[in-house]
Amino acid sequence: MRFILRRLGFYLIAFWAAVTINFLLPRLLPGNPIDYFLARYQNQLAANPHLLDSLRPAFDFKHQSLLDQYRQYLINLLHLNFGVSYSRFPTPVNEMIGQAIPWSLFLAGLSAILAFSIGTFLGIVAAWRRGKTVDVVVTPLTMFTQSFPAFFVALLILYFVGVVAGWFPINHAYGDTVRSGLNLPFILDVLRHAAMPLCALLLSSIGGWMLGMRAVMINTLSEDYVSMAQAKGLSNRRVMLMYAARNALLPQVTSFAIVLGYAITSLVLIENVFAYPGLGYLMVTAVQATDYPLMQGIFFLLTVGMLAANLIADFVYVLLDPRAASA
Amino acid sequence: MANVTPAASEPTLVPYAAGVVRAARRPVNPGSLRVFLSSPLTAVGVVIFSIILIAALCAPLLAAYAPLDMVGPLGAGPSRSHPFGTNDQGQDIFSQILYGARYSLAVGLGAGVAITLISACVGMIAAYAGRWLDDLLSTIMNIFLVVPQLPLLLVIAAYIPFKGNDPSGAALTMIVVITITGWAWGARVMRAQTLTLRNRDFVQATVVASEYWWRIVFQEIMPNMISLLANTLILSSMGAILTEAALDYLGIGSISQVTWGTMLNKAQANSALFSGEWWSFVFPGLAIALTAMSFILMNYGVDLVSNPQLRVVKERRRRRFSRTSPTDPASARESEVRV
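As given, the protein sequences belong to chains L and D, one line each in that order.
First residue of the first sequence? That's 1422 in my numbering, and the numbers climb one at a time after it.
First residue of the second sequence? That's 9 in my numbering, and the numbers climb one at a time after it.
These are calculated hints, taken from the structure and not from any lab test.
Treat the numbers as computed from the prediction; the structure is a model and nothing was measured.
Be aware that one or more of the hints could be misleading.
To be verified - Cβ-Cβ distance ranges computed for the label pairs, FRET-style:
1) L:E1516 to D:W221: 52 to 60 Å
2) D:S89 to L:L1612: 39 to 47 Å
3) L:P1511 to D:G138: 31 to 39 Å
4) L:M1649 to D:V55: 44 to 52 Å
5) L:Q1709 to D:D143: 34 to 42 Å
Said to hold, decoys possible - Here's a subset of chain L near chain D, in silico, CB distances under 7 Å, partners left out:
6) F1572
7) F1573
8) L1576
9) T1686
10) N1731
11) I1733
The beta carbon of each residue, even a glycine, is placed where N, CA and C say it ideally should be.
Put together the whole structure using the sequences plus the hints.
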């Protein structure tokens, strides 16, 4: 319990720090974001001067005291109010983020589950049959693919599978011809559009899971209880999965939180390669268009997501290994 | 490998610290270089890295054209006068790759050195000072580790004017930004390593001899961290090169500079990618991948020097010590020391 409370305390501090960075960055660096906004919407604002009065308190922060701004900023955050997008004014940031979240969750969730299961399984087999076919072929191959930047792999897939072979649609999450909703053509179309980004994500993440599992599994195999299980005459599969792999899985759970950081990075890049309308694509579009409210909203969300995932990983770890709680 | 377990709760969480051993007190000897180069993989890494380094240093001599001049047909494939082809603006891709190497290596090595220095200082101070200073520094490190790096970079980059025309200014900004967001991993590994070294007998002996703290840190602890420092330098340089390329590819870094990332960005933005001009993105992409690979291979060489367990035992010696029959190739392979 003390362990969990300590971790909770840490995540609260981390949350506060991230929120404060998000608050301070625009204020410490030169330039006033509202200037970009005014320049962009000069014409509309000239036609409707009242618009500016209502916006000023939200954007033109350089005239208030820093403490007042900070209080206002925190209140807005508590209400999950990220303001209004600059680039697609006056769409609320929440609405734009809301449209992007499902696509990112779909892509990231599916690839995480697949990469974890395939990678871990390959790691188990490679360690169990060390020096045999799977180990000799797959292990160096993953080391090789790991040095390939994720976005270059994605570009190669995009070009050779998408453009040259033309097997899959090269961008967006679904085509113009299908009606969105829960119907079969739409679902098939979504899957076809997700195929290449998914493949790129898998290639960039399976290797890590596999090498990690292989390393721990090799250690576990030299434990006495594994020899004991074999001495009892249990089947190889049972020893491999129920005795060795089960115990070797533990560090994989801890590394889940670490891997998530890399996963977000490759998700952002790969969504941009395929113009896939998720959070990463939206964020880069926001940065290019100097759409500060949108950008800050997504950064906030990704940080909260990462903290939550870390917290869950801690919980699961304590559930699986009670020794961690007393450490 | 079972000897890693005592401190497993800390450093083994780190992906690239897996090969780090808690080194015995053994200064770097002249044989290290031989061991470093004994592995063919590492030798390949050194050769690739040297080629890229030479390309970067001698870019103006080697490049046949200025990187931004229109010197050939638009979007032509590889030919004798343009070995890597030309892009949509008639610029020579081979010359651009050479000049891009300068920028990539400058940012990569610059950020690598900065990250290594900062993480070594912060990590060693945290571990050696202990108490509240350790708590404070560890909390800061961990905060940087749970904030997603690329989104943080994007937010920072959005407020910083990268878009200047001065290449060294752009590179310097990039180095600073990457260092700020990327020092925490190294610091955490260094801290863990210092903690284990601190309680070793030879360090305790100097503590008992009431040496100055800086003497203990720099003369007793530091020499035992050389391999870890080398790992950090190599891997953070590689990380910086990949991060810089990614930011440029996204069109957020130094878009007016000739870099490998910018070349990829333009290949896609000008839809060279969609009209079959594979040379416009395959060569810059390969340049990034090969550079990254050379760093990984060299890192493997550092692990070979610092961790004798990783070395494959020579044929003659293995036969003498091996219990298995040398005539059976399968069991002979198994008896090699592998990790």
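Here is what the structure says about each hint:
1. A beta carbon spacing of about 57 Å between L:E1516 and D:W221 agrees with the range 52 to 60 Å that was offered as a hint.
2. Taken as a hint, the range 39 to 47 Å holds for the pair D:S89 and L:L1612, whose Cβ atoms sit roughly 46 Å apart.
3. At roughly 54 Å, the beta carbons of L:P1511 and D:G138 sit outside the given window of 31 to 39 Å.
4. Taking the beta carbon of each, L:M1649 and D:V55 are about 48 Å apart, inside 44 to 52 Å as hinted.
5. Checking the proposed 34 to 42 Å range against L:Q1709 and D:D143 shows it holds: the Cβ atoms sit about 40 Å from each other.
6. Because the smallest distance between the Cβ of L:F1572 and any Cβ of chain D comes to about 6 Å, under 7 Å, the interface hint for this residue holds.
7. Of the supplied interface hints, the one on L:F1573 holds, with its beta-carbon coming within about 4 Å of a beta-carbon of chain D, less than 7 Å.
8. A hinted interface residue such as L:L1576 counts as satisfied when its beta carbon comes closer than 7 Å to some beta carbon of chain D; here the least separation is about 6 Å, so the hint holds.
9. Because the beta carbon of L:T1686 sits about 4 Å from the nearest beta carbon in chain D, less than 7 Å, this interface hint is met.
10. At its closest, the beta carbon of L:N1731 sits 6 Å from a beta carbon of chain D; the interface hint therefore holds under the 7 Å criterion.
11. Against a cut-off of 7 Å between C-beta atoms, the interface hint on L:I1733 is violated, since the closest Cβ of chain D lies about 13 Å away.
Going down the numbered hints, you'll see the structure goes against 3 and 11, while the others check out.
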